[in-house]
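**Student:** Please build the complete structure, drawing on both the sequences and the hints.
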Amino acid sequence: MAKRIKTIGLEAKPPGKKCDSELCPWHGHIKVRGSVFTGEVKSIKPADTAIVRWNYYRKIAKYERYERRRTVVAAHKPKCIDLKVGDGVKIAECRPISKTKKFVVVEKIGE
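With our numbering applied, the sequence shown corresponds to residues 1192 to 1302, in that order.
Fair warning: there could be bad hints in the mix.
Unchecked claim - In silico EDC-like links for lysine to aspartate or glutamate, alpha-carbon gap of 16 Å or less:
1. K1270 with E1213
2. K1275 with D1239
3. K1204 with D1273
4. K1236 with D1278
5. K1299 with D1278
6. K1290 with D1239
Since the hints were derived computationally from the structure, they do not count as laboratory data.
**Tutor:** Rendered as structure tokens:
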């Protein structure tokens, strides 16, 4: 009998490994809701955290031009998702995990 994979409510591939973390959206009890972003991992030095950055354009109506901007957020990195600097990831909003972490990594993109 095949083991059922938990559904997190997003179009994302489940990780290949299993972990026992309570803060994992696939194997724990954390629920994802709200915004979903894709970005690039810039750092994984903090414990169980990935610093994720993505770029976007903002229009300045007065000058009829666009400016480049970027957003940097800290996201919780579950132990079942192996990341390194430069990987593309999909992150989803969740309840506040700490003072600065309000997102969790749900998928590694480009495997």
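**Student:** When you check the alpha-carbon spacing of K1299 and D1278, does it fall within 16 Å?
**Tutor:** 7 Å, holds
**Student:** So if I understand the rule, the pair passes when the alpha-carbon distance is 16 Å or less; does K1204 with D1273 pass?
**Tutor:** Answer holds: K1204 to D1273 is near 14 Å, not above 16 Å.
**Student:** Need the status of pair K1275, D1239: alpha-carbon distance at most 16 Å?
**Tutor:** Roughly 12 Å between the alpha carbons, so the hint for K1275 and D1239 holds.
**Student:** Please work out if K1270 and E1213 have their alpha carbons no farther apart than 16 Å.
**Tutor:** Judged against 16 Å, a Cα distance of about 11 Å means the pair holds.
**Student:** Do the alpha carbons of K1236 and D1278 lie within 16 Å of each other, as the hint requires?
**Tutor:** The given pair, whose Cα atoms are some 14 Å apart, holds under the 16 Å limit.
**Student:** Take a quick look at whether K1290 and D1239 sit within 16 Å of each other, Cα to Cα.
**Tutor:** OK: K1290 and D1239 at ~14 Å, within 16 Å.
Comparing the model with each earlier hint shows no violations; every hint is respected.
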